[in-house]
Amino acid sequence: MKDSEKKFTVSYTELECKSCKKSLTRKFERGDIVFEENGNCDKCEGNLLVVKIFGEIIGP
Amino acid sequence: MTNDLIYKNYCIPLLDLAGFNLDDFFGMSDDSNPLMMLIWILPIILFVFYGQRIQLMVSSNEIKKSIDKLEKFRNDTKYEFIDYLKKTFNPKTDPTKKLDDFFEYFSIMPVDLDPNGIVPKINHLIRSRDDFTRMHVKSLFTEISEFEITKVHNLLEIVTTLQMFHKATRHLYLLAKKQKNFPLILPLQMMIPFVMEEAEALKDAMTALKNGQPIGDGIGPMVVGGMMVGTTKQIISFQSVLSKSEYEGRKLLLIKAEGPNATVGRLGEGIEKIFSENKPDLIIMVDASLKLEGEDSASIAKGFGAAMGGIGTDRFQIEDVATKNSVPILAIVIKQSIHEALTIMTKEIADQALSVRLEVEKMIKENTQKNQTVMIVGVGNTLGVSQ
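From first to last, the protein sequence lines stand for chains A and B. In case it helps, the working numbering puts the first sequence at residues 1 to 60. In case it helps, the working numbering puts the second sequence at residues 1 to 387.
Simulated from the structure, these hints should not be mistaken for laboratory data. Virtual Cβ for every residue (Gly too), placed ideally from N, Cα, C. Among the clues, some could well be false.
Stated by the list, open to error - Stretch by stretch, here's where chain A covers chain B in the computed footprint (C-beta under 8 Å, at least three residues):
1. 90 to 98
2. 206 to 214
3. 334 to 345
Turn these sequences into a full structure, and let the hints guide you.
Next comes the structure, spelled out in structure tokens:
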């Protein structure tokens, strides 16, 4: 298989602020766990809860 | 006769133009051409006596390629696993030798000549194997968390399964070749695409397991885990949690494997225990399910009965206790391929968590009255999904 034909997966973490419900998606980091708090909201300083971790396939 | 002439003149003008006569070529115009007769007869003789061997050669070449691929998968995952252990846990001694022994472990299923009472025997065998493996994984490293033990346990199972796939397919292939027996290779030829599909999924599952990311199979625990957020959790059986909640006047008993460990828990034991204290009026089970060809990934289906895969012992316990207490079981499944079930959860599947939760709530309202108790079970590997 040529390199250009290879598929690879990029992992993302979706977080939601428990106070203002603002949602943000960033690249997955080791230690991210669904339904565990991870950081603070930049808008209201509320706790961010990981609500989803998913992978998206990139490639042909 | 006239028709024949018309047919010939109509059909083969191009061949005639090229100076090529089809009848002459096949020796049909002259019955006495022995060379052309040989050209016809030789292949017939060849295929009558050696047809199966030719088929065996063609089929076995294709199968050999798959077996080589399986061997590569086995080796790659094995080295990846050992490398992960060395880099993550920095063991004092090289674990390779001990792990090589683990990869060779097998399980002998109980005698089924008299199947009565076989389920507790299988349950005992599986539990013993699990406990033994966990204990030995723990002994390999001085400091290892429960989360990491479950991950290592799952990674070990992947390598062991790929080793078993490789050995079993190679055995059937070599046996057919040795016996020069074409029918022997037919079952393998039929099964190999399915084996390869599962082997590729297992190989790709390594990444999600190493990173502690939720897999497609974790959608059941993710739905129930979401309902558990903010409630008090208690351990009901090994690596299984229970929490109590309420929804529109109904009491909810929420059960799932203990996240974020890479485990499916022992839900059967837990549910049996709950029934002895608090009999529910309805059980709803949420699980991932293998989709049929043509079905959409991440589609939701509802039905009756215990939605639970695996060897069947936990499902047996749940069905048994539900039948004895006349409690109906409803199921909600999220369809996916085997690759999606074993690798990192796709966005489509993760996005369905909310829809499934709404379906569960609708089921509760439609099938129970206020003040009744509903047990909701999230089935699947809860890796990377807490509660």
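Hint check:
{"no.": "1", "hint": "90 to 98", "result": "violated (count 0)"}
{"no.": "2", "hint": "206 to 214", "result": "holds (count 6)"}
{"no.": "3", "hint": "334 to 345", "result": "holds (count 3)"}
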